[in-house]
Structures are given as C-alpha cells and as structure tokens.
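*Asks:* Produce the complete structure using the sequences and hints provided.
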Amino acid sequence: MFLRVFQGFSRAGRCAGALALAFAALPAVAASDTLRICASEIEAPYSYKDGSGFENRIAEIVATQMGRKADFVWSPRAAIYLVRDGLDKNECDVVMGLDTGDERVLTTRPYYRAGYVFVTRADRELSIDTWNDPRLKQMNSIAMGYASSAEAMLKKIGKYEDNANYVYSLTDFKSRRNQYIRVDPARMVNEVAQGKADLAIAFAPEVARYVKASTVPLKMQRVPADDTGTGDPIAFQFDQSMAVRKNDRALLDALNAALAAAAPQIQKVLSDEGIPVVPAAS
Amino acid sequence: MRKVLLTATALATALASTLALANDKLVQLSQSEENWVMTGKNYNANNFSKATQINDKNVKQLRPAWTFSTGVLNGHEGTPLVVNGTMYIHSPFPNLTFALDLANPTRIKWMDKPKQNAAARAVACCDVVNRGLAYWPGDGKVPALIFKTQLDGHIVALNAETGETYWKLENSDIRVGSTLTIAPYVVKDYVIVGSSGAELGVRGYLTAYDVKTGEQKWRAYATGPDEELRLAKDFNSANPHYGQFGLGLKTWEGEAWKIGGGTNWGWYAFDPATDLIYFGSGNPAPWNETMRPGDNKWTMTIWGRNVDTGMAKFGYQKTPHDEWDYAGVNVMMLSEQTDKAGKKRKLLTHPDRNGIIYTLDRENGDLISADKLDDTVNWVKSVDLKTGLPLRDPEFATRMDHNGRDICPSAMGYHNQGHDSYNPDKQLFFLGINHICMDWEPFMLPYRAGQFFVGATLNMYPGPKGDRQNYEGLGQIKAYNSITGEYKWDKMERFAVWGGTLATAGNLVFYGTLDGFIKARNADNGDLLWKFKLPSGVIGHPMTYTHKGTQYVAIFYGVGGWPGIGLVQDLEDPTAGLGAVGAFKKLANYTQMGGGIMVFSLDGKGPYDDLGLGEYASN
Chain A
1 MFLRVFQGFS RAGRCAGALA LAFAALPAVA ASDTLRICAS EIEAPYSYKD
51 GSGFENRIAE IVATQMGRKA DFVWSPRAAI YLVRDGLDKN ECDVVMGLDT
101 GDERVLTTRP YYRAGYVFVT RADRELSIDT WNDPRLKQMN SIAMGYASSA
151 EAMLKKIGKY EDNANYVYSL TDFKSRRNQY IRVDPARMVN EVAQGKADLA
201 IAFAPEVARY VKASTVPLKM QRVPADDTGT GDPIAFQFDQ SMAVRKNDRA
251 LLDALNAALA AAAPQIQKVL SDEGIPVVPA AS
Chain B
1 MRKVLLTATA LATALASTLA LANDKLVQLS QSEENWVMTG KNYNANNFSK
51 ATQINDKNVK QLRPAWTFST GVLNGHEGTP LVVNGTMYIH SPFPNLTFAL
101 DLANPTRIKW MDKPKQNAAA RAVACCDVVN RGLAYWPGDG KVPALIFKTQ
151 LDGHIVALNA ETGETYWKLE NSDIRVGSTL TIAPYVVKDY VIVGSSGAEL
201 GVRGYLTAYD VKTGEQKWRA YATGPDEELR LAKDFNSANP HYGQFGLGLK
251 TWEGEAWKIG GGTNWGWYAF DPATDLIYFG SGNPAPWNET MRPGDNKWTM
301 TIWGRNVDTG MAKFGYQKTP HDEWDYAGVN VMMLSEQTDK AGKKRKLLTH
351 PDRNGIIYTL DRENGDLISA DKLDDTVNWV KSVDLKTGLP LRDPEFATRM
401 DHNGRDICPS AMGYHNQGHD SYNPDKQLFF LGINHICMDW EPFMLPYRAG
451 QFFVGATLNM YPGPKGDRQN YEGLGQIKAY NSITGEYKWD KMERFAVWGG
501 TLATAGNLVF YGTLDGFIKA RNADNGDLLW KFKLPSGVIG HPMTYTHKGT
551 QYVAIFYGVG GWPGIGLVQD LEDPTAGLGA VGAFKKLANY TQMGGGIMVF
601 SLDGKGPYDD LGLGEYASN
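So the sequences go chain by chain: A and B.
Take the first sequence: its position 17, counted from the start at 1, is 17 in our numbering, and no numbers get skipped.
Take the second sequence: its position 307, counted from the start at 1, is 307 in our numbering, and no numbers get skipped.
One or more of the hints may lead you astray.
[What the hints assert, rightly or not] Taking lysine-lysine pairs in the DSS-like style, the calculated list, with each CA pair at most 27 Å apart, reads:
#1 250/B <-> 155/A
#2 174/A <-> 115/B
#3 258/B <-> 174/A
#4 141/B <-> 25/B
#5 258/B <-> 196/A
#6 258/B <-> 156/A
#7 25/B <-> 212/B
#8 340/B <-> 488/B
#9 258/B <-> 137/A
None of these hints come from the bench; they were simulated from the model.
Just so we're clear, the structure is a prediction, and the values are computed from it rather than from any experiment.
*Replies:* Next comes the structure, spelled out in structure tokens:
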C-alpha cells in the first residue's frame with residue numbers, strides 16, 4: 001500500500017474526470033417528488049455515507065415535510081467541495097449546513113445556531129472565561145481544525161506557532177500543500193479524553209456526538225467572546241442554513257416553509273446529538 | 001604543511017592538525033580517479049573526472065560490465081560512492097546500504113538493513129527518496145566510516161569495512177514532521193546534515209556532528225534570531241544590501257518564523273581555503289504565500305558558513321517572499337575562473353529552481369551573474385546585479401486575485417535536485433533542465449463556522465519549446481559558460497533531466513533520463529554519441545571510477561521522486577503531485593519502477609572476464 005501523499009481528488013475518484021464521476025447522481029431529471037441533497041460521504045458527524053450524519057437526518061425530515069423523497073447525491077470528497085462541485089454543477093439541489101448568508105448561494109432562514117466550545121476532561125475542572133487566561137499560554141497541545149475560528153484566535157493570542165506542530169500531528173503530518181485536509185473531530189475529542197490534548201477548541205456540532213459518547217467524562221464549555229481588544233473581533237457563533245443555487249428561489253421558499261413546520265423534529269435531532277444550541281441571532 | 005601557531009594553545013593546535021589531516025586525506029582520495037568519495041566527486045562538487053580511457057572516440061563501445069539490484073522500487077536519487085576498491089550503494093526507504101568489492105562483486109560484502117518507524121513514509125513529501133552516503137577515512141583509532149541518513153530522521157555511522165553500526169542518533173523527529181532524505185556531508189571531522197519537512201512546520205536547520213562520537217558541534221537555523229541563525233560579526237559586510245542583522249525575525253509577521261521552513265535537503269560544497277561550506281536553504285512555509293507576508297529571510301538563501309563554527313559569512317536571498325515553491329536547495333558547484341574584468345576569482349555557481357543560474361564570489365558573496373536557465377523563464381524579467389533583487393513580472397505571480405497562466409518555471413523549477421557537473425578545462429557547466437510551466441488557479445472555498453480552504457489548482461505541462469499536445473519535451477540538457485553567460489549548446493529531451501550530469505576529460509558528458517536511458521554526449525557540441533536503455537528511469541546522476549586499469553561508468557536506475565510520483569503511486573488526477581502527475585502522464589508509457597545500478601566499461605570489460613570469478617568451487 002502506498003500512501004497517497006499528494007491527493008488531488010479522492011482515492012475513490014481515481015480519474016481525470018473525477019469531478020463528474022465523484023457524484024453518483026441518480027437519474028438526471030430532478031423530479032419534484034424528490035429532494036436532491038448534496039452530501040459528503042466523509043463528513044461525520046454532519047454527514048456520512050451510511051446516512052448516520054445528523055444533517056442527513058435533518059435533510060430527511062425536511063424532505064418528508066415537503067412531501068418529497070430524500071435523494072442523497074453522495075460525494076466521496078469533503079463537504080467543503082459540495083457547492084463548487086455539486087450544487088453549482090447541477091448534480092444536486094440542496095446543501096446542508098452552510099453559514100447563513102454565504103454569498104455563493106441563497107441560504108434559508110437558520111435552522112439552528114451554535115458556537116465554538118472548549119472540550120476538556122471533566123476531572124480537570126477547567127473553566128476558561130477569557131482569552132487572556134494565563135493557563136492558555138502554558139498549553140502546548142490544543143486540538144483544533146485548520147482555518148477555523150479557533151486557529152484565528154490562537155494566532156491572535158500568539159499561541160499558534162508553538163502549537164502548530166501538535167495540530168499537524170493530528171493529521172499525521174500529511175502535507176497541506178494545495179490540498180484540503182480535515183482534522184478528524186473524533187480524534188480531537190479522543191486526544192482530550194486520553195490526556196494528549198490540553199483541550200480542544202471546536203464548533204460544538206462537530207464534536208458533540210463524540211463528547212457524549214466518550215467513556216472518559218468530558219465537558220463542553222462555550223468559548224468566551226473575543227476579548228483581546230485587538231483587530232476585528234473573531235466570531236465564534238454561527239447560524240446554520242440550508243442552501244440552494246442563486247436562481248432557485250422557489251426551492252428556497254419551499255425549504256423555508258418546511259423548516260418552520262419541522263422545527264420541533266429538527267430540535268430533537270440536535271438535542272439527541274448533544275449539541276448545545278444557542279438562541280438564534282435576532 | 002600546516003604552520004603551527006605559537007599563540008595557540010597546545011590542545012587547540014593538536015585538535016586543529018588532526019582535523020586538517022582527516023580533511024587532507026579525503027581531499028587526497030577525491031583526487032584519485034579510482035575513487036568517488038562524495039556525491040559531487042570532490043569538494044568543488046563538480047562531478048568531473050580526469051579519466052580519459054572512455055572518450056568521445058570510443059564511448060560507443062560502452063557495454064554493461066555488471067549490475068546490481070537494490071531490491072527496492074521507488075526513486076533512486078544520487079550516486080554510489082567508490083573508495084579504495086569498494087562500492088557503497090544506498091537505496092530509498094527502507095534505506096538499505098550495500099558494500100560491494102569491485103574486484104569481485106559476486107557476494108555482497110556487507111549490507112545494512114535498518115529497522116525504521118514506518119510512519120516516516122507517511123510524513124515524506126515526495127516519494128521516499130534518499131540522496132546518498134558520505135565517507136570519512138578514519139584516523140587510526142576510529143575506523144573509516146560510512147554515514148547514511150534514514151527517512152525516519154536518524155543519522156547513522158557505519159564501519160566502512162564491516163557495516164556494523166558505529167553510532168546512531170536522531171537528527172530529525174518524524175513526530176514533528178521532520179524527515180531526512182539528504183546525503184550527509186563530511187568535512188574535516190564533522191558530518192553535516194540538513195533537514196526536510198518545511199511544509200509541516202519544520203524550521204530548517206543545518207547541524208554539524210563529530211564524526212567519531214555523534215556529538216553535536218553546532219546547529220544553525222534558517223529563520224529566527226541572529227544567535228540561532230549563527231551570523232558572524234561581519235555577516236554580509238561585503239554586501240550589506242543583502243541584509244544583515246535582525247531579519248530572521250523582522251521579515252516575518254509575528255512569530256511565523258517559528259514554522260517558517262527553509263529546510264535544506266540538497267547538496268553541499270566546501271572550500272578548504274575559505275573554510276566555508278556552501279548550501280541553499282529551501283522554501284518558506286506555509287505554502288500559501290498570503291499567510292506569510294514579508295521577505296521570509298533567510299529561506300531561499302545561498303549560504304557560506306564557517307565549517308568549524310557554523311557562523312555565516314554571507315547569505316544571499318535569491319527569491320524573497322517565494323510564491324512558487326522554488327526551494328533553493330540545489331547544487332553549488334565551485335570553480336576558479338577569470339572574470340570579464342580579467343581577474344582570477346573563486347566562484348560558486350548554482351542553478352536554482354527559480355530558473356536563474358547564479359554565480360557568486362565565494363569568498364565574500366558578491367553576486368557576479370544571474371542568467372536565465374532558459375529564455376522562457378518569465379516570473380522574473382531579470383535580476384538586478386547591484387541590489388541582488390529579482391525584477392518580477394506580476395503577470396506570472398501567484399496571487400489570490402489572479403489566474404496565473406503559463407508561469408515558467410513551474411513549481412518543480414527549471415532545475416531541481418539534480419547534481420550537475422563542471423568541466424574546468426572547457427569552462428562549461430553541464431546542466432540537466434526541467435522544461436515545465438504551469439497554470440495556477442487560486443480558489444477560496446468557504447465551509448461552515450467561518451472555516452475556509454484557500455488553495456490553488458496547479459496544472460503543469462511542457463514549456464514553450466516542448467510538445468504541449470503530447471506532453472513531451474519536458475527537459476533539456478545544456479552547456480553553460482558562467483563568465484560569458486552563454487550556452488554553448490543545448491538539446492531537448494522527452495522528459496526532465498532530473499538527476500544531473502557527469503563530465504569527464506574524455507570530452508564527454510553523461511546523464512540519465514526519466515524514460516530510462518543513460519546517454520553520452522560530446523562535451524563540445526552536444527552530439528549524442530552513445531546511449532543504453534536501462535531497466536527503469538533515472539533520477540540520479542552517473543559517476544565514474546577506474547579499477548585495475550579499467551574505467552567504469554555507473555548509474556542508478558529507479559524511476560520515482562517528484563516527477564515519478566504518479567507512476568510510483570499510481571495516480572491519475574493530473575493536478576495531483578502539485579501538478580506533476582499531469583506533466584509526466586506519458587512517463588509510464590516508457591518505463592516502470594525498478595531499483596539498482598548498472599556499471600559500464602569499454603566492451604563490457606570487467607571482473608567477470610575471468611570466468612572462474614564467482615564460480616562455485618567444491619573442495
């Protein structure tokens with residue numbers, strides 16, 4: 001087995017035309033009795049090829065509410081490519097879980113709002129209420145995702161460089177030259193549970209499932225607002241929307257209606273997942 | 001003879017003369033055409049042999065004398081060593097080392113098969129190559145040693161006679177993303193080793209160890225505070241416009257220098273008269289230039305460092321704030337030539353990945369010339385010899401708001417790790433060139449929770465002189481005069497001439513090609529005089545030695561490395577391997593993986609002319 005160090009397209013899509021083939025689209029005619037959902041096979045816990053992602057479930061609820069059948073158009077690639085390679089190419093019609101207001105698309109009214117959290121071991125009884133906390137300065141293994149609000153914040157408080165090597169280790173030092181690499185949220189949580197990470201900083205929906213399932217009791221604490229007083233404040237809370245193509249306003253309206261009607265069921269999925277939702281922004 | 005200074009302490013004097021002795025011995029060995037004691041043949045790193053038995057008149061009679069397989073596939077870079085009748089052969093990961101008796105290569109004299117952390121191969125960026133070995137001649141008390149690097153970051157000293165491990169230590173920690181692919185380098189009683197893994201947050205460094213004990217003598221970084229850069233008090237005093245002090249911090253935003261790259265995994269040269277070693281530091285990190293504003297000193301720098309102290313006398317940054325991945329680690333070749341003004345000068349010539357071939361005065365770092373490796377280089381219009389700065393063409397920059405089209409050279413450079421040669425009699429450098437350009441299409445993909453991915457799609461293809469329809473014409477071989485700046489001749493090749501060249505006084509230049517030929521050309525005019533199809537493509541350089549009166553030419557075969565990444569890893573997406581898979585998509589039509597050496601001589605003359613040699617004989 002050779003490890004594919006340079007990965008352009010995914011292992012599964014080993015073909016120059018992988019873009020087109022990466023989406024195993026069912027018949028091209030999008031009948032109005034189905035809802036074609038762009039979905040990544042590898043984006044747990046949001047989306048996973050067996051349909052176990054919590055946003056897979058929300059998509060099913062919404063489709064049912066619309067009186068349509070959920071038709072998942074699976075991509076073997078990370079969800080970050082879904083808009084460019086799926087939605088914009090008409091391979092599928094709806095993307096779950098984008099930040100509300102993403103300019104590439106039309107986004108629905110938010111169906112939940114959540115924020116970044118510190119994940120720590122319960123037995124450490126760590127409570128951090130400010131980014132100026134001296135304990136943060138002493139930490140050398142802070143698990144987080146690349147190009148996240150957590151990374152931006154660590155840069156701001158001067159912790160990024162000393163911690164970078166630890167973060168690279170979470171992706172087995174795969175070269176990030178020109179390729180998207182995701183820090184596995186299950187691994188982040190596991191690192192905390194095993195005491196290898198001092199803490200993890202992650203978007204709560206991305207880690208909630210693993211925190212809940214951990215045999216070592218873990219704690220999620222909402223991160224404080226950016227209180228450094230320097231530069232533009234870094235945002236830690238985000239509204240999450242479904243998205244459609246910019247010319248697909250009819251579908252947007254239908255989704256908005258269904259989201260409103262299915263709100264209690266969606267709430268239940270989020271709560272089963274263990275996601276601490278925060279009140280929607282006014 | 002070394003003059004003993006009365007002012008020196010007895011201890012220092014004794015130490016100094018011991019060092020000088022070991023050094024002299026290696027110089028002496030390197031002058032014999034029976035040996036090839038270091039990767040570049042000698043401290044001038046000129047890959048030049050005075051042997052003339054094989055010459056332009058008879059080279060077409062070259063035939064295989066014997067061969068040896070390393071048993072390892074993947075790319076074989078560098079060249080074997082020959083010392084006192086023994087050939088030392090290295091392999092890519094798992095980094096095997098073999099010693100063969102040239103008088104009778106039948107039975108392997110010794111073999112070193114290290115146990116390595118397999119995680120290392122996941123960390124290595126571009127195939128699992130290794131660039132070679134180093135030899136230290138011994139001092140009577142400590143035996144002669146062979147030094148090797150392992151991908152897992154260890155440097156090992158082996159008894160040259162027995163292959164037993166003499167000492168072993170960790171130079172680079174793969175747990176922090178640092179691997180070793182470089183050939184170690186011996187000067188005096190030091191073994192000098194670089195570092196790899198710039199993109200993984202490794203801050204590049206160069207370390208000198210005591211050959212006898214492995215004790216660290218000094219370590220110099222490529223970025224950071226002056227003390228850790230090891231800048232001499234008179235650093236760049238001859239060329240203050242290159243920059244002097246404090247810049248390893250000031251030319252970075254915040255503390256980005258801590259993960260700023262500038263590793264060195266290329267080649268070295270040494271001048272016993274200046275006592276300086278010469279080498280280049282590599283690209284800054286991270287790859288995305290928008291994340292590291294500033295000149296990013298001292299990445300991409302030609303260094304002259306005192307070998308005893310590691311203190312830098314000069315540093316010339318070729319590509320401030322690199323945007324193309326033009327890692328500046330290529331070969332440094334030393335020559336003594338008369339410049340245009342009629343002055344005899346000690347020179348250093350360096351064909352850089354950025355498409356410029358630089359010649360510096362190696363005593364003080366003066367920039368003498370900076371010529372394009374090919375007239376199709378376009379990211380830079382010219383290099384201002386007064387300031388040393390490249391005059392860039394913004395059309396061929398790599399910015400987030402700009403689709404770069406036909407940027408030459410590509411990220412692979414017009415010249416990469418190949419170890420080239422210089423024929424002092426003809427004042428010609430023989431350069432193996434990549435003729436590859438690229439499109440650079442940036443993109444920014446937002447995700448959720450404020451996350452995003454900034455990247456670029458790279459497509460590589462033959463330069464303007466190649467065949468862009470058929471993806472051939474990706475390389476060149478050229479003869480260059482560094483004083484006139486002129487190319488005496490040049491020839492196109494189907495693929496990049498990745499491994500480098502060998503020059504001999506027989507009016508010949510030898511090199512291997514990715515499609516699996518070893519070729520010999522007339523040094524004066526480039527005419528093709530001989531070739532042979534090898535079992536697999538070449539990414540190393542040929543060497544020559546004379547044994548029992550017969551001159552041999554040896555070369556590694558074993559395609560791989562960056563150009564062969566698609567073939568080795570069976571990749572098909574053209575943008576994989578940063579675009580190398582697309583550029584070399586035709587390579588697999590010509591060659592497949594392999595690994596070993598082939599040894600040639602006139603009419604195949606060699607040890608097995610004696611049919612009894614290597615035969616089983618019952619008692």
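*Asks:* Please list, smallest to largest, the hint numbers that this structure does not respect.
*Replies:* Going through the list in order, the structure violates no hint and respects every one.
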